[in-house]
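2 protein chains.
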Amino acid sequence: MVRINENYNKLQASYLFADIARKVEEFQKANPDTDVIKLGIGDVTRPLPARIVKAMHDAVDDMASSEGFHGYGPEQGYAFLREAVAKNDYQDKGCDISADEIFISDGSKCDSGNIQEIFSADAKMAIPDPVYPVYLDTNVMAGRTGEVVDGRYEGIVYLDGNMENGFVPELPTEKVDVIYLCYPNNPTGATATKDQLKTWVDYARENDAVILFDAAYEAFITDDTLPRSIYEIPGAREVAIEFRSFSKTAGFTGTRCAFTVVPKECRAFNAAGEKQMLHPLWNRRHNTKFNGVSYVIQKGAEAVYSPEGKKEVQELIAYYLRNARMIRDTMNEIGLACVGGENSPYIWIETEGSSWDLFDKLLNEAGVVTTPGAGFGKCGEGFIRISAFNDYEKVEEALKRIKKAFQ
Amino acid sequence: MVRINENYNKLQASYLFADIARKVEEFQKANPDTDVIKLGIGDVTRPLPARIVKAMHDAVDDMASSEGFHGYGPEQGYAFLREAVAKNDYQDKGCDISADEIFISDGSKCDSGNIQEIFSADAKMAIPDPVYPVYLDTNVMAGRTGEVVDGRYEGIVYLDGNMENGFVPELPTEKVDVIYLCYPNNPTGATATKDQLKTWVDYARENDAVILFDAAYEAFITDDTLPRSIYEIPGAREVAIEFRSFSKTAGFTGTRCAFTVVPKECRAFNAAGEKQMLHPLWNRRHNTKFNGVSYVIQKGAEAVYSPEGKKEVQELIAYYLRNARMIRDTMNEIGLACVGGENSPYIWIETEGSSWDLFDKLLNEAGVVTTPGAGFGKCGEGFIRISAFNDYEKVEEALKRIKKAFQ
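The listed protein sequences derive, respectively, from chains A and B.
If you're matching positions, the first sequence starts at 1 in UniProt numbering and goes up one per residue.
If you're matching positions, the second sequence starts at 1 in UniProt numbering and goes up one per residue.
No lab work stands behind these hints, which were simulated from the structure alone.
Be aware that one or more of the hints could be misleading.
[Claimed, not checked] Here chain A is said to cover these stretches of chain B; the calculated rule only asks that three of the stretch's residues, wherever they fall, bring their Cβ under 8 Å from a Cβ of chain A:
1. 7 to 17
2. 52 to 58
3. 108 to 115
4. 277 to 289
Remember, it's a predicted structure, so these values are computed and weren't measured experimentally.
We put the beta carbon where it would ideally sit given N, CA and C, even for glycine.
Please build the complete structure, drawing on both the sequences and the hints.
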């Protein structure tokens, strides 16, 4: 008798987005004339930069000719893109990362979800709270968790974030094997300093652990003292895997391209306690379960690193950061405590009541949709997330209405 | 101490393609003037059809405008594509499959590799031999196999294919839970009749099993009595998942789009022996570990179903089938027994010696690269695979040389 993977049944059903959708629908029905402004989801809204558009058109033309046609590409990505990434995102910024340590993929969600496969089933996972739900759910699906007690899965070490630690958690008291970190953070918009990341890298080195570092929002860093990559921290090559994405950088959420960095020295251990490198393991996974990113999309991603592409992408980031600053300033004006919004497209706002109280107030009194922090974990309760990913005029209008609601 | 997934160490290293590459390199060095013709790998060579190219250009233009821009799409694919697939590939051909049973993905390799995740760790897997290696390797990585004994993994039920059964294996004597089938077959090019598929569907229904049906080469079927989909067999909706791809149909190997069909009634069982549907499980996996296929690529795939797109795709298939027929005819002329090549782009040729003997002869005496059957499993020994995916003129020249080598 064929049995299902019972771990799927342990997944706690999330009604967050369904509940949001229902509330928005009810509000819209009661207020048909209000233009509801959505600052909830972390999805970009601006068109692809012209240089990227041109590269994609050219690549489509390649595919239309016998000479330019591309069939199966290398699973790990074309050399032209891997080299552009290694040079521009790492080597030019002083990080020792080579092209063959870059694995091009169709998204950081996939990569950060799949990466746990290369670790043992009994690996002790440390996962921040609040958190991007994929880290947790993929470990539940893989069977690394037990029962849910008080809203948390047994078997996971939760790393609590709060206003006191600025959403950069303290080291765990219990020994852990794999640590998920994300800076600039989704959902909180918090950033980590080099010293803070060094604490984690040192921990991983001393405790034979591995850090999974999600740097999908790296492009939003404007403060030059903040690390853009975990590899700016000495010793990180042995203990850290990094995820990056073109989604938020170049507006690729619907275009799909990302990459994962696995340095050649990055190690785990086999049952005998001997070092075993993670690069060949991830390479094997990539070769076996993935067939490369579309040639057309990789050519678009390559254009991100052209001189014009860089300029246009910087303008795009600046556009959203202007929104973020405006949101942050308004929250300060209103007197709501918040983090994020300076080196991040997200602003994480503390409320006096529950997440849903503030969500409801902003929806019902301002026609603005946000995301209740409780949807990102226990520590997210009492917060909401506002996203800067929308058109400037809409953000401006939303903030005008929010200010009025708080008068 | 962070441990690796030790199952990866069980994977048998395959030197097949490395060995082929080395032999080709040596030959080319010794024969610098010979134009080596590659009929080994199953990769298309003809440009994308014009209608698809147009759709992709239009979609790139959409992404360049505020109004047409697409951010995150539905993980399962856009309705426009799911509906086109359901209507054209199923409903119009008498199969009862609806759009919400179609999951658009970036490749059948990914889907047929990932699907095993939704089954229990102790599910008994039946895998054909010879076979597309992904089915086997992904189960090894998931820990469903033991030691390798005599070239085969303990824990797997191998379904032997041979000239006697026409590479359509008999039912297993041991009870199995999940059965991988692929028709038209890669690597053998064999096809299965409706009666043969019915035997398997009946087995799955009677034995509470599930069939994973890989129909990536469906478009090459010209014999109207052959089933194009497992859903042509009564009762298959309850027991079968089907994989399809645009790779070989529309030349998408480097463009990347495919889909998986999970009917709403398709069931497995939980530990209590109660029916549990697979559709919500696969949907959950898709939502958690995948972020949808690029909008531009999905628009290209949609164009496959336009009147012009259909015509162009048919021409593309006919082009490769003409190659296949020509290869088959030549093999018959030479007096080599073979299967495939009639409703498939692959021709599977029996040799008197070993796979590598014939490979070596064709390389050294004709400058033609093929694939030794031994690379696809124990039952592949004594065969080679010739692929029809190349330009007509090259195939013609290759066959001229092969004929000469056999004179």
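Taking beta carbons only, do three or more residues of the stretch 52 to 58 of chain B come closer than 8 Å to chain A? Coverage by chain A holds here, the residue count being 3 at a Cβ distance below 8 Å.
Taking 8 Å as the C-beta cutoff, is the stated coverage of the stretch 7 to 17 of chain B by chain A satisfied by three or more residues? With 3 residues closer than 8 Å to chain A, the stretch 7 to 17 of chain B meets the three-residue bar; holds.
For the stretch 277 to 289 of chain B, count the residues whose Cβ lies under 8 Å from any Cβ of chain A; is that count three or more? holds (count 6)
Three residues or more, CB to CB closer than 8 Å: is that satisfied between the stretch 108 to 115 of chain B and chain A? Holds: 4 residues of the stretch 108 to 115 of chain B have a Cβ under 8 Å from chain A.
Of the numbered hints stated above, none is contradicted by the structure.
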